[in-house]
Amino acid sequence: MIKRTLHFSNPAYLSLHQNQLAIDLPHLKSLGEKESKKSIPIEDIGIIILDNQQITITHGCIAALLDNNAAIITCNQSRHPTGMMLPIDGHNTQSERFRYQIDASQPLKKQLWQQTVQAKILNQAAVLFNRNIACENMVYWAKSVRSGDPDNYEGRAAAYYWKNVFPKKLDFFRGREGDPPNNLLNYGYAILRAIVARGLVCSGLLPTLGIHHRNKYNAYCLADDIMEPYRPYVDEIVLGIIDRGENFLELGTSIKTQLLGIATVDVQFEKSTSPLMVGLQSTTSSLAKCYEGTIRRITYPIMTNFDNKRGSTYKDKEVLKSILINEITESGFTKPEDELPF
Amino acid sequence: MRLNEYRILWILVFFDLPTETKKERSVAAKFRKEVLRDGFAMFQFSIYLRHCSSRENADVHIKRVKKLLPEKGHVGIMTVTDKQFGMMELFYGKKEKELPDTPQQLELF
Chain C
1 MIKRTLHFSN PAYLSLHQNQ LAIDLPHLKS LGEKESKKSI PIEDIGIIIL DNQQITITHG
61 CIAALLDNNA AIITCNQSRH PTGMMLPIDG HNTQSERFRY QIDASQPLKK QLWQQTVQAK
121 ILNQAAVLFN RNIACENMVY WAKSVRSGDP DNYEGRAAAY YWKNVFPKKL DFFRGREGDP
181 PNNLLNYGYA ILRAIVARGL VCSGLLPTLG IHHRNKYNAY CLADDIMEPY RPYVDEIVLG
241 IIDRGENFLE LGTSIKTQLL GIATVDVQFE KSTSPLMVGL QSTTSSLAKC YEGTIRRITY
301 PIMTNFDNKR GSTYKDKEVL KSILINEITE SGFTKPEDEL PF
Chain V
1 MRLNEYRILW ILVFFDLPTE TKKERSVAAK FRKEVLRDGF AMFQFSIYLR HCSSRENADV
61 HIKRVKKLLP EKGHVGIMTV TDKQFGMMEL FYGKKEKELP DTPQQLELF
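So the sequence lines, in the order shown, correspond to chains C and V.
To convert, note that position 17 of the first sequence is 17 in UniProt numbering; the numbers rise steadily by one, no gaps.
To convert, note that position 11 of the second sequence is 11 in UniProt numbering; the numbers rise steadily by one, no gaps.
The hints are all genuine.
Calculated cross-link-like contacts (lysine to aspartate or glutamate; reagent style EDC-like; alpha-carbon spacing at most 20 Å):
1. Lys37(C) to Asp101(V)
2. Lys37(C) to Glu98(V)
3. Lys34(C) to Glu96(V)
4. Lys67(V) to Glu24(V)
5. Lys168(C) to Asp179(C)
6. Lys30(V) to Glu71(V)
7. Lys97(V) to Glu35(C)
These stretches of chain C come out as covered by chain V in the derived footprint (C-beta under 8 Å, 3 or more residues):
8. 39-45
9. 252-261
None of these hints come from the bench; they were simulated from the model.
C-beta: ideal position from N, C-alpha, C; glycine also.
With the hints as extra help, turn the sequences into a complete structure.
This is the structure in structure tokens:
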């Protein structure tokens, strides 16, 4: 089920009343109780973003939110997400799942990473395709990714992708501390990361133990792994903002609203379409099953709605689209060097 | 769109519970409180409503209300789509009033 996202950018008192999140907004007090006091069922909340230094939240409230598997995100003075709070026990067979995850063999992890990189490159290719930018090489790279991506096709694809995806006049250089629109990307990714981490916890996995990322300072390695194929969805939102010519030098409310809308973006799987937040649950639960050894593929979304907006006029586009679709459904564990771990 | 006014449901719970004896009053108060705890908000005296983002979600809450039903008294449970709910005309005295806002998936405070 799709849960609600609450974003607090004004002073607020948050407390618990009858299992409901009671919100008191002092800056609206002059408008009367109806405006300044709200109540939201805790069980409907998925993500709560605290983006103001003058928010007071009670302990009962934090505990109830975590009990409900909600992610609490705090922001620093420059209004960027700094921290995340997640429940310790998000799943009933958690200990068993942790064990499977910790015991996962190296080949399995490498294969999972191969699938992740493939899905990511294909989705990046889809973004380029949408913008009429050549992406045949991306599709080729996606096809060539081997177990564990030893040839670093991910990096190669990313370099090409970032060089070409933004309009030429922007002179874009992707970097964490880089100039706008890097700030939009970072904001979107931070929210996406929170959604992914929440999904992982709900599926009884440790978001800390990654399959590829292993930075010892990173607390959310697995979230960073699993969110890779989802990043292009954020990129598309950011590109939309730039295309519409909005002022993206600062993170205004309109831009934040669009970026926070990432939770409801439609994602396509082989058989179904669902909002990103719901689709992510199937990705994380398939990952848990991969660790368990019951299935071999992670369910990643495929961006195949390429020509919905523009109408399919070009033959080569049709061909490319079919390649993209076949790629994702057929590739996988066929290469001889991949010893199956189970 | 996935979240639209035809999929979103509002559950209305209306009840008449006996309040003759002290015991009955406590039962009625408890029912009301439990309904509130489930996320319903008072619309009018003894009419409570809740916003549900999908049919499945609504089923969960209907089931919960059914579990809370007291021994005696009349309780009605009804669901309407957000579209139907939005067409309701609401008056305080003769003055027309706006309907309660539909909660959004994303809310900025």
